[in-house]
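S.K.: In case you want the letters, here they are:
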Amino acid sequence: MSILQKVSLPRAIITHIALWIACVIAVFPFLRVVTISLRPGNNLFSTSFSLIPPEATLENYYRLFTERQFFQWVFNSFVITSTTAILGVVLASTAAYAFSRYKFPGRMAGLSFLLMTQMIPGTMLILPQYLIMAKTNMLDTYMGLIIAYSVGTLPFSVWVLKGYFDTIPRSLEEAAFVDGCSEMQAFYKIVLPLSKPALAIVFLFNFMSSWNEVLVAYTVLGKPEMKTWPLGLMELQAGFNVAWGQFAAGSVLISIPTILLFFVSSKYMMSGLTLGAVKG
Amino acid sequence: MAVDPKVMEQNLTVHVLPAALEIGKLLLVVSLLVLFIVGFVKLNYKMWKSAFYMPLMVALSTLIAFGLHMVKADYSMIAFLSLFPILIGAFFKYALKGNYQSPILFAAPAVFGVFLLFIYPLTFNFYLAFTKLNLKTLSMWIETGTIEFVGFKNFVNVFTRGSEVEETFWAIFARTVAWTGINIIFHFFFGMILALFMHTKIRFVSFYRTLITIPWAAPGLVLVLAWRGEFHSSYGFVNQLISMFMQLFNCTQQNGCYSPIEWWTNPIALFASICIVNVWLGVPFYAVNILSGLQSIPMSYYEAASIDGASRWQKFTKITVPLLKPVVVPAMILDMIWTFNNVMVVYLMTAQRGGSQGADILVSDLYKQAFTFTRYSFAAAYAIVLFIILGAMSFVWLKVSKVGESPASR
Chain A
26 MSILQKVSLP
36 RAIITHIALW
46 IACVIAVFPF
56 LRVVTISLRP
66 GNNLFSTSFS
76 LIPPEATLEN
86 YYRLFTERQF
96 FQWVFNSFVI
106 TSTTAILGVV
116 LASTAAYAFS
126 RYKFPGRMAG
136 LSFLLMTQMI
146 PGTMLILPQY
156 LIMAKTNMLD
166 TYMGLIIAYS
176 VGTLPFSVWV
186 LKGYFDTIPR
196 SLEEAAFVDG
206 CSEMQAFYKI
216 VLPLSKPALA
226 IVFLFNFMSS
236 WNEVLVAYTV
246 LGKPEMKTWP
256 LGLMELQAGF
266 NVAWGQFAAG
276 SVLISIPTIL
286 LFFVSSKYMM
296 SGLTLGAVKG
Chain B
45 MAVDPKVMEQ
55 NLTVHVLPAA
65 LEIGKLLLVV
75 SLLVLFIVGF
85 VKLNYKMWKS
95 AFYMPLMVAL
105 STLIAFGLHM
115 VKADYSMIAF
125 LSLFPILIGA
135 FFKYALKGNY
145 QSPILFAAPA
155 VFGVFLLFIY
165 PLTFNFYLAF
175 TKLNLKTLSM
185 WIETGTIEFV
195 GFKNFVNVFT
205 RGSEVEETFW
215 AIFARTVAWT
225 GINIIFHFFF
235 GMILALFMHT
245 KIRFVSFYRT
255 LITIPWAAPG
265 LVLVLAWRGE
275 FHSSYGFVNQ
285 LISMFMQLFN
295 CTQQNGCYSP
305 IEWWTNPIAL
315 FASICIVNVW
325 LGVPFYAVNI
335 LSGLQSIPMS
345 YYEAASIDGA
355 SRWQKFTKIT
365 VPLLKPVVVP
375 AMILDMIWTF
385 NNVMVVYLMT
395 AQRGGSQGAD
405 ILVSDLYKQA
415 FTFTRYSFAA
425 AYAIVLFIIL
435 GAMSFVWLKV
445 SKVGESPASR
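Residue numbers (our numbering), protein chains in the order written: chain A, 26 to 305; chain B, 45 to 454.
It cannot be assumed that every hint is accurate.
List of simulated lysine-lysine pairs, PhoX-like, C-alpha gap at most 25 angstroms [unchecked claim]:
id: 1; chain 1: B; residue 1: K137; chain 2: B; residue 2: K93
id: 2; chain 1: B; residue 1: K443; chain 2: B; residue 2: K362
id: 3; chain 1: B; residue 1: K141; chain 2: A; residue 2: K128
id: 4; chain 1: B; residue 1: K359; chain 2: B; residue 2: K245
id: 5; chain 1: B; residue 1: K69; chain 2: A; residue 2: K160
id: 6; chain 1: A; residue 1: K128; chain 2: B; residue 2: K90
id: 7; chain 1: B; residue 1: K412; chain 2: B; residue 2: K176
id: 8; chain 1: B; residue 1: K86; chain 2: B; residue 2: K137
id: 9; chain 1: B; residue 1: K180; chain 2: B; residue 2: K116
id: 10; chain 1: A; residue 1: K248; chain 2: B; residue 2: K69
id: 11; chain 1: B; residue 1: K197; chain 2: B; residue 2: K176
id: 12; chain 1: B; residue 1: K443; chain 2: B; residue 2: K369
id: 13; chain 1: B; residue 1: K137; chain 2: B; residue 2: K90
id: 14; chain 1: B; residue 1: K197; chain 2: B; residue 2: K412
id: 15; chain 1: A; residue 1: K214; chain 2: B; residue 2: K180
id: 16; chain 1: B; residue 1: K412; chain 2: A; residue 2: K160
id: 17; chain 1: B; residue 1: K86; chain 2: A; residue 2: K128
id: 18; chain 1: A; residue 1: K128; chain 2: A; residue 2: K214
id: 19; chain 1: B; residue 1: K245; chain 2: B; residue 2: K362
id: 20; chain 1: B; residue 1: K69; chain 2: B; residue 2: K50
id: 21; chain 1: B; residue 1: K412; chain 2: A; residue 2: K248
id: 22; chain 1: A; residue 1: K221; chain 2: A; residue 2: K160
id: 23; chain 1: B; residue 1: K90; chain 2: A; residue 2: K160
id: 24; chain 1: A; residue 1: K128; chain 2: B; residue 2: K93
id: 25; chain 1: A; residue 1: K128; chain 2: B; residue 2: K137
id: 26; chain 1: B; residue 1: K369; chain 2: B; residue 2: K359
id: 27; chain 1: A; residue 1: K248; chain 2: B; residue 2: K50
id: 28; chain 1: B; residue 1: K141; chain 2: B; residue 2: K245
id: 29; chain 1: A; residue 1: K160; chain 2: B; residue 2: K116
id: 30; chain 1: A; residue 1: K160; chain 2: B; residue 2: K176
id: 31; chain 1: B; residue 1: K180; chain 2: B; residue 2: K369
id: 32; chain 1: A; residue 1: K292; chain 2: B; residue 2: K245
id: 33; chain 1: A; residue 1: K160; chain 2: A; residue 2: K248
id: 34; chain 1: B; residue 1: K176; chain 2: B; residue 2: K116
id: 35; chain 1: B; residue 1: K93; chain 2: B; residue 2: K141
id: 36; chain 1: B; residue 1: K86; chain 2: B; residue 2: K141
id: 37; chain 1: B; residue 1: K141; chain 2: B; residue 2: K90
id: 38; chain 1: A; residue 1: K248; chain 2: B; residue 2: K180
Just so you know, the hints here were simulated from the structure itself, not pulled from any lab data.
Taking the hints into account, I'd like the entire structure generated from these sequences.
M.R.: Here's what the structure looks like:
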């Protein structure tokens, strides 16, 4: 950024104004959600534009907690998402190590197969997955959803981790072999500890992608006590009595940590990737 | 606020135990599977030279087929799973020949798991496309594993459907093309403008960038549903803004000068509203990507061009555009695939109350055919057709973008 030329004052003012307008457009719908969540009563039905309504209350938050199973929804999401993310990291790390360090028959085929899974549209898989789960009694279980998510997150994790392992010099493991380490020991005593940033990125990425997932969960989960937060919020918006205030309250509570997590993970992403490049 | 205290207590408690039990079960199953796979691979390494190896694998195949038949599994599953031991046997006998034990052991659990969980549903989808499975035949299929075979009928139906209440395939196809085109063009256009504005030496740029990234960072479902509310014809801010704007010209609803747009029920307005939402959602991705592309172009190029007397426009078209291409083209290809496949935005904007006809794109229509109208086999055939379209589109795009690649980059 330092190499940029200093801009003239009128241009700077125009740029500031343009970016301010862009920021307002980007943030405004979300601010409206905050406003609606603070309005008393169950209504979106107001034509006022003030950001904090004059008679602001936390009633909607209270009603969301007491009238709906909000905490159960968040808990369900959390359980499903973190299990998916952990399984992704654990199972993918060994596979990524094999693809990064060894040549073997089927290596290229395996790698391209994993890449192919990312290209096939998710919509194609939802229906067969749903029917298979219906046949094997896995609808309305945490297990079914975790398995469905892992199909997407595992190949992605393998690719990212393989890319990172490629940047760790081989000589480190060779030294370990001389000292009498087995291949497994070299992997978990040397390569894994060095890959902490990459493991964190993969975990965060898998976490975020399943945390925000709607459609698969919508087909697989039906029972009220099994719902994840997106399904819960959808339920508030469906039907004849739209609970706008509660929907808005739930949205605010969910969005703030999600947005923070996004910014943390994107920062990690940058630092993790450059770290890898410098080492290699 | 009159909530029954019992209900209230029920809503406030979180049922941890069932979840813990199930996750425990899952972890147990996964670790047993991993152990099984590792054991199986090791066994194969011991056995592969023996003369009985292949016959034994064939016997295992038959055993699996018979076992699955006994538990009334689906035919496609029997065929798929019983082929496995024979394939594994051939791989060990003719490809590995006793070498490469460590990489195979490292890779086997994940690759095998993904293979099973990914290829089998696709195979099943393919099988499904030639059968007749719907809500009526579903329970019979679950109990006995048999479905009626109908040949290519479902594929024919995909292209010949269409009636007074149902759109034809080609109408939806045309809308999907328009949808993809509109979104990519506007994403790129606004993203480029924002990136150029942010690529200046002024204060607060990182602050602006953070705020502009909000539509990308916040959960999509929340934003889409919130936008949907804002398109309400009398209480949403979109129509309020329009009416405020119209009042400037002394034009109100009362004097009959204009009537508010019914975003939810008028198909064209609905489609337009979905496009607006999706453009809004996608711009930050481009802005951030293009900005990082701009920042990677060395300033010395521009200085050299200035010395040679290049105008601003020349600098933009001769330096910025060609050097941004490696950033923009992959982003556009990704965006094309995402937009084409974007069920969530379209489904959430159309599925609940209000009009659902006349604004669907192919994938959201597919989702509705499968889960709203429960035409499973039809949807399976439909999915295969879409897959072919998408594959062809990506292929053409990749070819086109490679042909135009400039050799000017560093």
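S.K.: Next, verify each hint and record whether it holds.
M.R.: Here's how the hints hold up against the structure:
1. For the hint pairing B/K137 with B/K93, the CA-to-CA distance comes to about 7 angstroms; that is within 25 angstroms, so the pair holds.
2. Between the alpha carbons of B/K443 and B/K362 the distance comes to roughly 23 angstroms, so the proposed pair stays at or under 25 angstroms and holds.
3. With a CA separation close to 14 angstroms, the supplied pair B/K141 and A/K128 stays within the 25 angstroms bound.
4. Among the hinted pairs, B/K359 with B/K245 is consistent with the structure: their alpha-carbon atoms are about 18 angstroms apart, no more than 25 angstroms.
5. A hinted pair counts as satisfied when its Cα atoms are at most 25 angstroms apart, and B/K69 with A/K160 qualifies at roughly 19 angstroms.
6. For the hint pairing A/K128 with B/K90, the CA-to-CA distance comes to about 21 angstroms; that is within 25 angstroms, so the pair holds.
7. Note on B/K412 and B/K176: the hinted pairing holds, with a Cα-Cα distance of about 18 angstroms set against a maximum of 25 angstroms.
8. Simply put, B/K86 and B/K137 have alpha-carbon atoms about 14 angstroms apart, close enough for the 25 angstroms limit, and the pair holds.
9. A distance of roughly 19 angstroms separates the Cα atoms of B/K180 and B/K116; the hinted pair therefore holds under the 25 angstroms criterion.
10. Of the supplied pair hints, the one linking A/K248 and B/K69 holds, its CA atoms being roughly 20 angstroms apart against a limit of 25 angstroms.
11. In summary, the hint linking B/K197 to B/K176 is supported, as the alpha carbons are separated by about 9 angstroms, within the 25 angstroms threshold.
12. With a C-alpha separation of about 15 angstroms, the suggested pair B/K443 and B/K369 falls inside the 25 angstroms cut-off, and the hint holds.
13. For the hint linking B/K137 to B/K90, the alpha-carbon distance of about 11 angstroms falls within 25 angstroms, and the restraint holds.
14. Among the hinted pairs, B/K197 with B/K412 is consistent with the structure: their alpha-carbon atoms are about 20 angstroms apart, no more than 25 angstroms.
15. As the CA atoms of A/K214 and B/K180 are separated by approximately 56 angstroms, the hinted pair breaks the 25 angstroms bound.
16. With a CA separation close to 21 angstroms, the supplied pair B/K412 and A/K160 stays within the 25 angstroms bound.
17. Note on B/K86 and A/K128: the hinted pairing holds, with a Cα-Cα distance of about 19 angstroms set against a maximum of 25 angstroms.
18. Of the supplied pair hints, the one linking A/K128 and A/K214 holds, its CA atoms being roughly 22 angstroms apart against a limit of 25 angstroms.
19. Straight-line distance between C-alpha atoms of B/K245 and B/K362 comes to about 22 angstroms, which keeps the hinted pair within the 25 angstroms bound.
20. Distance restraint check for B/K69 and B/K50: the Cα-Cα separation of roughly 31 angstroms exceeds the 25 angstroms cut-off, and the hinted pair is therefore not satisfied.
21. Taken as a hint, the B/K412 and A/K248 pair is honoured in the structure, with Cα atoms around 20 angstroms apart against an allowance of 25 angstroms.
22. Straight-line distance between C-alpha atoms of A/K221 and A/K160 comes to about 40 angstroms, which puts the hinted pair past the 25 angstroms bound.
23. Restraint check: the Cα-Cα separation between B/K90 and A/K160 comes to about 37 angstroms, which exceeds 25 angstroms; the hinted pair is violated.
24. This hinted pair checks out: A/K128 and B/K93 have alpha carbons roughly 22 angstroms apart, not beyond 25 angstroms.
25. For the given pair, A/K128 sits about 18 angstroms from B/K137 by alpha-carbon distance, which is consistent with the 25 angstroms threshold.
26. With a C-alpha separation of about 15 angstroms, the suggested pairing of B/K369 with B/K359 holds against the 25 angstroms cut-off.
27. Restraint check for A/K248 and B/K50: the C-alpha separation of about 20 angstroms stays at or below 25 angstroms, so the hint holds.
28. As the CA atoms of B/K141 and B/K245 are separated by approximately 63 angstroms, the hinted pair breaks the 25 angstroms bound.
29. Taking the CA atoms of A/K160 and B/K116, the gap is about 10 angstroms. The hint holds against a cut of 25 angstroms.
30. For the given pair, A/K160 sits about 16 angstroms from B/K176 by alpha-carbon distance, which is consistent with the 25 angstroms threshold.
31. Note on B/K180 and B/K369: the hinted pairing is violated, with a Cα-Cα distance of about 53 angstroms set against a maximum of 25 angstroms.
32. Between A/K292 and B/K245 the CA atoms are separated by roughly 22 angstroms; this keeps the pair inside 25 angstroms, and the hint holds.
33. Using a Cα cut-off of 25 angstroms, the hinted pair A/K160 and A/K248 holds, with the two alpha carbons roughly 18 angstroms apart.
34. The straight-line distance between the Cα atoms of B/K176 and B/K116 is roughly 18 angstroms, inside the 25 angstroms bound, and the hint therefore holds.
35. Among the hinted pairs, B/K93 with B/K141 is consistent with the structure: their alpha-carbon atoms are about 8 angstroms apart, no more than 25 angstroms.
36. Restraint check for B/K86 and B/K141: the C-alpha separation of about 13 angstroms stays at or below 25 angstroms, so the hint holds.
37. With a C-alpha separation of about 11 angstroms, the suggested pair B/K141 and B/K90 falls inside the 25 angstroms cut-off, and the hint holds.
38. Proximity of A/K248 to B/K180 is assessed by CA-CA distance (about 22 angstroms); at most 25 angstroms being required, the pair is judged to hold.
Going through the hint list in order, the structure does not satisfy hints 15, 20, 22, 23, 28, 31.
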